Amino acid sequence: MANKILVVLEQRYNVIKKISNEISKAGFELSQKLNCEVEAVINGGEISDLNKIGNYGIKKITLLKNSEFTKYSPSAFSKSLTEFINEINANIILFGNTSLGKDLAPRIAARLDAGIAVDVIKIETSENNIIATRPIYAGKALVDIKINSEKKVFTIRPNVFNPGEPTENNSEIIVKGISSPDFSTKVVEVKKAEGKLDVAEASIIVSGGRGMKEAANFKLVEDLAEVLGAAVGASRAVVDAGWRPHAEQVGQTGKTVSPNLYIALGISGAIQHLAGMRSSKCIVAINKDADAPIFQIADYGIAGDVFEVVPALIAELKSNKFKKMPSFRRWHL
Amino acid sequence: MKIAVCISHVPDTATKIKIGSDAKSIDPTDVTYILNPYDEFAIEEALKTKEKFGGEVVVISLGDDSNKESIRKALAMGADNGILLKDNGMRDSLSLSKALADEIKFQNADLVFMGKQSVDFDNSITGQLTAEILGYNCVSVVVKFDINENKIVAEREIEGGKEVIETSTPAIITCQKGLNEPRYASLKGIMAAKKKVIEEKNATSFDNKLEIVQMSKPLGKQAGKILGNDSTAVPELVRLLKEEAKVI
Ligand SMILES: Cc1cc2nc3c(=O)[nH]c(=O)nc-3n(C[C@H](O)[C@H](O)[C@H](O)COP(=O)(O)OP(=O)(O)OC[C@H]3O[C@@H](n4cnc5c(N)ncnc54)[C@H](O)[C@@H]3O)c2cc1C
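Chains as they are written, first to last, in the working numbering: chain A, 504 to 836; chain B, 95 to 342.
Since the hints were derived computationally from the structure, they do not count as laboratory data.
Quick caveat: nothing in here was measured; it's all calculated off a predicted structure.
Among these hints, one or two may not hold up.
As the list claims (entries may be wrong) - In the SDA-like style, the derived pairs of lysine to any residue whose C-alpha atoms are separated by at most 25 angstroms in a straight line are:
(1) A:Lys695 with B:Asp240
(2) A:Lys643 with A:Gly667
(3) A:Lys821 with A:Glu729
(4) B:Lys315 with A:Pro796
(5) B:Lys245 with A:Thr573
(6) B:Lys238 with A:Ala744
(7) B:Lys245 with A:Phe686
(8) B:Lys311 with B:Gly183
(9) B:Lys336 with A:Thr573
(10) A:Lys582 with B:Gly322
(11) A:Lys649 with B:Val307
(12) A:Lys791 with B:Leu321
(13) A:Lys625 with B:Ile120
(14) A:Lys563 with A:Pro684
(15) B:Lys118 with B:Lys340
(16) A:Lys574 with A:Asn672
(17) B:Lys118 with A:Glu653
(18) A:Lys507 with A:Lys563
(19) A:Lys582 with A:Gly548
(20) B:Lys295 with B:Phe200
(21) A:Lys689 with A:Glu586
(22) A:Lys821 with B:Lys311
(23) A:Lys694 with A:Lys649
(24) A:Lys649 with B:Asp116
(25) A:Lys689 with B:Glu243
(26) B:Lys288 with B:Asp159
(27) B:Lys162 with B:Ser119
(28) A:Lys821 with B:Lys340
(29) A:Lys625 with B:Lys295
(30) B:Lys336 with A:Val663
(31) B:Lys340 with A:Val730
(32) A:Lys791 with B:Asn323
(33) A:Lys649 with B:Gly183
Said to hold, decoys possible - So the derived list for chain A, only partly shown, Cβ under 7 angstroms to chain B, looks like this:
(34) Ala644
(35) Ser652
(36) Asn720
Claimed, not checked - Here are the simulated distance ranges between beta carbons:
(37) B:Glu330 with A:Ser570: 50 to 60 angstroms
(38) A:Gln535 with B:Gln308: 18 to 28 angstroms
(39) B:Val307 with A:Ala744: 13 to 23 angstroms
(40) B:Pro329 with A:Ile677: 30 to 40 angstroms
Just so it is clear, CB atoms sit at the ideal spot from N, CA and C, and this is done for glycine as well.
Turn these sequences into a full structure, and let the hints guide you.
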């Protein structure tokens, strides 16, 4: 069977998410390597900026449209997508490894009886096969996987594939109305964490650990995050102590993140913490213990007291003009 | 209500991972295995649900004899019965889910709890796969759970917030930290668990669709530069972030 790639895009409140650009580019590059067709699909309502996806190489996009699709419905999304996949006969299906992709991809895989490889950080081809690489054991090992079923499902870790600069290249948009969706499982409400940038979506994260000494001192972490346009993260020790909400926890039992810049303040770098942030592109550690394990994976470190170093860092950043303001990925409501 | 909990037996999260000589699996020497941490939330939620509505909690684990250790732990926490689906091989998540689905169907369970992921392969897909195979509803990464008659309202974690999901039984719920505080096994529970019989069955076999080509260790990141031990190092740090790493 000839290969055909389908990229499953994401929106939230009908605004295309950045992961869609990343997986579009990944799908486009894969299609060039396998010399095969690629197209994209998305569940949603009225989506205005859909044709911009064409700028990342995808020429044909189908919108599976229903006014209720602004919010996620696991049952309706998986049913309509599976039908679409069978209709166009796609055999390589790419999702983002996001909360939506992680929930949806296995449902589709089960319906297609397809092998599924999740949290992929590298895709290579060898002859007509795909070899996907992903971290396992909390990032302590990597595994190269081949899927042997005819249909193959992959989820791709956010912030790993660089979509590059968009080009002006609009796509053909096909709208398919989905008239009687299966809403046996559906989102009835979305509770947004108040006014905060989430660690899972931020390109810069400033995280605090037990070295911050007490909850009130997180003001310093927040101030540094503020000047950088960053999200605030936390180690499990401070979440367990009740200083910060669990939603901010980075690590094995928290969130896996891979921002461009991760700043760890008073965090020792326990293996379970590293599990969640080791794939960050640039890691900065400030810790008064020069032997703390966090320095083993940090790109830059200051072996000093956070209460002396961080205020100076905030002052220095404020007096400096950034060459490039960080682009952060806000969640649009 | 018949409640099932699927649990896995995994290397302790603090274990150093060594790649085995076949380069396709880990070297099990000196590795301590434990009950998957997320499965503790699943067991706790099953016990709480049983306490509210009555019924029976059955724990299912697929693997070899060593899995009995984790099944015993669940029994000591208060689960009623344990089933070991015997299997010595390596399974991908889809083949594992098919075998779990077979047993869940056999048990006629209408509510199933699982951890949101096993901390070995960190897949986070077994609950969703199993639910689809069974035709059950499913909510994954749940941090709040409520059931009334057969109506379920659950909250799942998403980027920047939570989704409130409504569905109904039969359903599979995958549990995330924050859902509850798992109880400790009481001495009485531990003694009672010793007397319980763990039922052993052969797991139904299915083909794997995934093939491990090779396992490797991530390239050790070169430990970076320690630029100093006080705030005098700050200007250099900012310069490097701008000019060398180009991240600000
Ligand atoms: C199953 C399991 C799952 C886990 N999951 C997670 C997880 O998801 N995320 C996670 O983070 N942890 C997790 N942990 C916990 C983890 O093992 C560590 O306990 C935790 O990460 C430690 O947090 P910490 O670095 O803030 O605290 P500590 O280890 O106490 O480190 C504090 C650091 O602050 C430094 N310090 C103190 N004062 C100052 C100062 N004035 N200036 C500068 N530095 C200072 C110290 O030198 C020390 O290095 C998990 C553990 C288990 C067993």
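Q. Are the Cα atoms of Lys791 (chain A) and Asn323 (chain B) separated by 25 angstroms or less?
A. 8 angstroms, holds
Q. Quick one, are Lys336 (chain B) and Val663 (chain A) close enough, alpha carbons at most 25 angstroms?
A. 21 angstroms, holds
Q.
So if I understand the rule, the pair passes when the alpha-carbon distance is 25 angstroms or less; does Lys238 (chain B) with Ala744 (chain A) pass?
A. Within the cut-off at roughly 20 angstroms; holds.
(Q) Between the alpha carbons of Lys245 (chain B) and Thr573 (chain A), is the straight-line distance 25 angstroms or under? (A) Since the Cα atoms of Lys245 (chain B) and Thr573 (chain A) sit roughly 23 angstroms apart, the hinted pair holds (cutoff 25 angstroms).
Q | Status of the given 13 to 23 angstroms range, CB of Ala744 (chain A) versus CB of Val307 (chain B) | A | Cβ of Val307 (chain B) to Cβ of Ala744 (chain A): about 43 angstroms, so the range 13 to 23 angstroms is violated.
Q) If you draw a straight line from the CA of Lys582 (chain A) to the CA of Gly322 (chain B), is it 25 angstroms or shorter? A) 57 angstroms, violated
(Q) Hinted pair, alpha-carbon criterion (25 angstroms max): Lys340 (chain B), Val730 (chain A). Please report holds or violated. (A) Within the cut-off at roughly 16 angstroms; holds.
(Q) Just to be careful, I want the Cα atoms of Lys649 (chain A) and Gly183 (chain B) compared with a cutoff of 25 angstroms; is the pair within it? (A) 18 angstroms, holds
Q | 25 angstroms limit on alpha-carbon distance, applied to hinted pair Lys625 (chain A) and Lys295 (chain B) | A | Distance ~39 angstroms between Lys625 (chain A) and Lys295 (chain B) Cα, so the pair is violated.
Q: Below or equal to 25 angstroms on CA atoms is what counts here, so check Lys574 (chain A) against Asn672 (chain A).
A: 28 angstroms, violated
Q. Does the alpha-carbon distance linking Lys689 (chain A) and Glu586 (chain A) stay inside the 25 angstroms limit?
A. 19 angstroms, holds
(Q) Tell me if the interface restraint on Asn720 (chain A) is satisfied: Cβ within less than 7 angstroms of some Cβ in chain B. (A) Violated: closest Cβ of chain B sits about 17 angstroms from Asn720 (chain A), beyond 7 angstroms.
Comparing the model with each earlier hint shows violations of hints 2, 9, 10, 15, 16, 22, 23, 29, 36, 39 and 40; every other hint is respected.
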